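Novice: Each chain, letter by letter, is given below.
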Amino acid sequence: MSDPRYDRLAELVLDHSLRLRPGEVLRIDAAVVASPLVLPLHREAIKRGAHAYAALDLDGLKELLVEHGSDEQLEFVSPIELREMDAIDASITIWSEENTRSFSRVDTERRQRQLAAQRQVAIRRRDRIARGEHRWCGTLSPTEGHAQDADMSLREYEDFVFRACHVLDDDPVGHWRRVGEVLQARAEELGSVRELRILGEDTDLTVVVDGRTWRAAHGRQNVPDGEVYTSPVESGVNGTIRFGLPAVFNGGEIDDPRLRFEDGRVVAAEAAGGEAYLQSLLRLDEGASGVGEIAFGLNYEIDRFTRNILFDEKLGGTLHLALGMGFQDLGGLNRSALHLDLICDLRREGEVYADGELVWRNGSFLQDPQPARPVERVR
Amino acid sequence: MADVVVGFCADVREGDLVTLESTALAAPMLKALYRRVLEAGAQPLVRISLEGMTESLLEYGNDEQLGWVNPAREDDIETVDVRIALLAPGNTRRLSNVDPARQARADRSNERLRNRYLERAAAGELRWVLTAYPTEASAQDASMSLAQYEDFVYGSAFLDDPDPVARWHEFGERLDRVAAFLATKRELRVVAEGTDLRVVTEDRTWIPSKGRENFPDGEVFTGPVETGVEGEIRFTYPGVFNAREVDDVRLRFEAGEVVEATAARGQEFLREMIAMDEGAKRVGEFAFGLNDGVQMFTRNTLFDEKIGGTIHLALGTAYPETGGLNRSALHWDLICDLRSGGEVFADGELVYRDGKFLNGVG
Numbered sequence: 001m002s003d004p005r006y007d008r009l010a011e012l013v014l015d016h017s018l019r020l021r022p023g024e025v026l027r028i029d030a031a032v033v034a035s036p037l038v039l040p041l042h043r044e045a046i047k048r049g050a051h052a053y054a055a056l057d058l059d060g061l062k063e064l065l066v067e068h069g070s071d072e073q074l075e076f077v078s079p080i081e082l083r084e085m086d087a088i089d090a091s092i093t094i095w096s097e098e099n100t101r102s103f104s105r106v107d108t109e110r111r112q113r114q115l116a117a118q119r120q121v122a123i124r125r126r127d128r129i130a131r132g133e134h135r136w137c138g139t140l141s142p143t144e145g146h147a148q149d150a151d152m153s154l155r156e157y158e159d160f161v162f163r164a165c166h167v168l169d170d171d172p173v174g175h176w177r178r179v180g181e182v183l184q185a186r187a188e189e190l191g192s193v194r195e196l197r198i199l200g201e202d203t204d205l206t207v208v209v210d211g212r213t214w215r216a217a218h219g220r221q222n223v224p225d226g227e228v229y230t231s232p233v234e235s236g237v238n239g240t241i242r243f244g245l246p247a248v249f250n251g252g253e254i255d256d257p258r259l260r261f262e263d264g265r266v267v268a269a270e271a272a273g274g275e276a277y278l279q280s281l282l283r284l285d286e287g288a289s290g291v292g293e294i295a296f297g298l299n300y301e302i303d304r305f306t307r308n309i310l311f312d313e314k315l316g317g318t319l320h321l322a323l324g325m326g327f328q329d330l331g332g333l334n335r336s337a338l339h340l341d342l343i344c345d346l347r348r349e350g351e352v353y354a355d356g357e358l359v360w361r362n363g364s365f366l367q368d369p370q371p372a373r374p375v376e377r378v379r
Numbered sequence: 001m002a003d004v005v006v007g008f009c010a011d012v013r014e015g016d017l018v019t020l021e022s023t024a025l026a027a028p029m030l031k032a033l034y035r036r037v038l039e040a041g042a043q044p045l046v047r048i049s050l051e052g053m054t055e056s057l058l059e060y061g062n063d064e065q066l067g068w069v070n071p072a073r074e075d076d077i078e079t080v081d082v083r084i085a086l087l088a089p090g091n092t093r094r095l096s097n098v099d100p101a102r103q104a105r106a107d108r109s110n111e112r113l114r115n116r117y118l119e120r121a122a123a124g125e126l127r128w129v130l131t132a133y134p135t136e137a138s139a140q141d142a143s144m145s146l147a148q149y150e151d152f153v154y155g156s157a158f159l160d161d162p163d164p165v166a167r168w169h170e171f172g173e174r175l176d177r178v179a180a181f182l183a184t185k186r187e188l189r190v191v192a193e194g195t196d197l198r199v200v201t202e203d204r205t206w207i208p209s210k211g212r213e214n215f216p217d218g219e220v221f222t223g224p225v226e227t228g229v230e231g232e233i234r235f236t237y238p239g240v241f242n243a244r245e246v247d248d249v250r251l252r253f254e255a256g257e258v259v260e261a262t263a264a265r266g267q268e269f270l271r272e273m274i275a276m277d278e279g280a281k282r283v284g285e286f287a288f289g290l291n292d293g294v295q296m297f298t299r300n301t302l303f304d305e306k307i308g309g310t311i312h313l314a315l316g317t318a319y320p321e322t323g324g325l326n327r328s329a330l331h332w333d334l335i336c337d338l339r340s341g342g343e344v345f346a347d348g349e350l351v352y353r354d355g356k357f358l359n360g361v362g
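Quick mapping for you: the protein sequence lines, in order, are chains A and B. Heads up: the first sequence is residues 1 to 379, going by the working numbering. Heads up: the second sequence is residues 1 to 362, going by the working numbering.
Source of the hints: derived by calculation from the structure; they are not laboratory data. One should not assume that every hint holds.
Cross-link-like lysine to aspartate or glutamate pairs, in silico, EDC-like; alpha carbons within 16 Å at most [to be verified]:
1. K31(B) to D15(A)
2. K31(B) to E67(A)
3. K47(A) to E63(A)
4. K31(B) to E11(A)
5. K47(A) to E11(A)
6. K31(B) to E24(A)
7. K185(B) to E74(B)
8. K47(A) to E55(B)
9. K62(A) to E39(B)
10. K47(A) to D15(A)
11. K47(A) to E64(B)
12. K31(B) to D59(A)
13. K47(A) to E59(B)
14. K356(B) to E343(B)
Values in this document were obtained by computation on a predicted structure and should not be read as measured data.
My request is simple: use the sequences and hints to build the entire structure.
Specialist: Next comes the structure, spelled out in structure tokens:
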């Protein structure tokens with residue numbers, strides 16, 4: 001009856017991402033449509049001696065709230081949920097939706113207000129994560145809605161997701177440990193780079209990363225994972241970039257965006273589709289036209305665009321840039337309510353120079369990173 | 001149904017914090033309730049459960065895990081103004097093969113939660129409604145098709161009436177009369193086949209249940225004097241608890257305590273439940289079922305205990321508002337059909353026969 005791949009994904013998240021221990025309190029956040037993953041996560045967490053429970057949402061309720069709620073209802077933050085955050089040792093967010101476009105036709109301003117209220121709970125959790133009091137991982141349980149966005153059948157999409165998560169490997173935890181070693185070595189190497197130059201179709205961009213810390217993402221906070229990222233120097237982005245792949249944000253889509261930067265700020269923005277939406281996002285606040293992230297996607301099991309940022313930003317052979325919020329702990333100073341990931345496909349023609357030296361061509365680094373340090377040191 | 005539940009039963013008001021609790025199977029009704037609660041100016045919070053999670057806990061959990069109470073759910077009970085819970089099972093027998101001792105341990109861990117919520121309800125700080133959303137599993141238990149079962153559920157709640165709320169008010173007046181009548185009595189004696197039971201109810205409060213806390217509704221109940229139950233009773237319908245069924249239950253009471261418990265089937269489970277804790281062998285509730293829209297036994301206590309012409313008693317915890325003092329992790333309703341030949345005497349006088357109160361009481 002149950003697909004063993006869901007069980008294996010659950011085990012990977014509990015044992016590698018969260019390293020769940022007996023007696024810990026685990027909350028699983030998901031919509032009901034993610035039940036095929038919620039149930040094995042809960043069962044395996046119980047087997048590991050944890051106090052596990054699920055906070056389940058029903059697709060369609062938030063939509064009702066945004067459409068029919070009063071201002072007060074829209075902005076309501078449950079005091080119970082805020083207090084709850086303090087009692088949880090670990091949590092899992094399953095981002096699965098039944099319908100990924102259900103907010104397309106609601107009032108964006110009302111939706112933003114409802115999201116802002118929700119963010120208060122997320123901020124409470126983020127602060128606990130930063131203090132080392134909470135461990136968190138985000139993942140996905142395949143649904144028809146996500147398969148539809150990826151132009152696949154559900155069965156094909158399941159294959160895609162589980163391949164990307166490497167749960168079919170003999171030893172998924174071992175796989176992600178090794179990925180961690182390689183990516184950590186890569187991150188350390190990039191840590192000594194002062195400036196990157198990216199060349200591609202309609203793209204010639206320099207990005208100063210001097211003094212910034214690169215982080216390896218290897219299945220702790222996202223499953224699947226596979227990227228190295230940092231926040232570039234805020235004034236150090238210059239030139240033009242064409243992203244090629246659509247950007248999907250809060251249910252809206254921007255097709256083939258092109259940006260021109262001067263001293264770290266977007267000075268020109270156009271898109272083949274959704275240009276007005278792009279412009280409105282850039283105007284969201286002061287930091288929205290600055291850069292918060294630059295990253296290399298290095299999960300080569302993810303070989304196609306699927307309109308889901310959890311996968312798309314890890315697409316092997318791509319680079320992404322995020323407008324908006326930067327990573328404070330990596331040295332990033334840009335602040336914004338926005339974090340819009342834009343993906344630049346470097347697989348066909350693309351070169352990256354690090355301080356003048358060619359390090360990447362056509363979708364991969366030219367050399368393996370220096371021998372890795374033990375994975376235990378990776379955080 | 002959502003209109004009546006939110007507007008009439010729960011009487012949701014502006015600013016209320018309202019939990020909506022059910023399984024994912026009740027999604028259509030949960031959405032309807034969610035919207036009504038928003039329209040009432042209140043704040044809905046959903047608490048959705050998935051069948052399968054309890055099974056995992058009972059199968060794999062250690063004692064510590066079985067005894068764990070989620071502080072967030074405790075917080076719910078301390079904080080919210082209204083709880084609306086919908087029964088919507090996917091499989092009513094899914095816990096059939098669970099070790100009853102482990103089940104009892106898990107039940108005990110929830111006892112404090114339950115008692116606290118009954119306490120807040122009795123103090124008027126929390127309003128609650130238990131209702132049902134028709135599912136295939138409940139239809140199967142009732143030996144009906146889903147369509148027939150839907151008719152049964154909505155019919156028993158008068159939702160086929162043009163003005164259900166008016167019907168509930170009218171029915172409520174009848175229940176008030178029964179409660180007022182019983183309040184004047186000190187002791188009841190129930191006589192039926194295999195049954196001769198005396199129940200002391202003096203100084204206890206009889207509560208007419210008129211569609212507020214249960215929906216559908218239609219009973220008048222009290223918490224009898226803890227030491228005042230004597231004699232024997234044979235229950236007509238199987239006792240259903242935690243998805244287990246016990247057939248032909250017979251109990252003998254002395255000074256309020258069960259001293260003998262037998263069953264044609266499931267006797268061991270019956271005895272395990274009675275041994276769960278000190279309060280499980282005493283009676284927490286005694287009640288008359290008075291809803292004539294419920295005629296059939298459907299293996300769901302919410303409906304069965306309301307069958308017009310029955311009485312039920314519950315082993316275990318009492319409702320504090322009745323004055324009942326018994327406390328337990330158990331609250332198991334057992335039903336005795338009095339429609340053919342049953343009699344009830346109040347302080348020695350025959351007041352009820354063949355499922356009806358005499359002399360126009362109710």
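Novice: Which numbered conditions among the earlier hints are violated in the structure presented, ordered from lowest to highest?
Specialist: Failing hints, ascending: 1, 3, 4, 6, 7.
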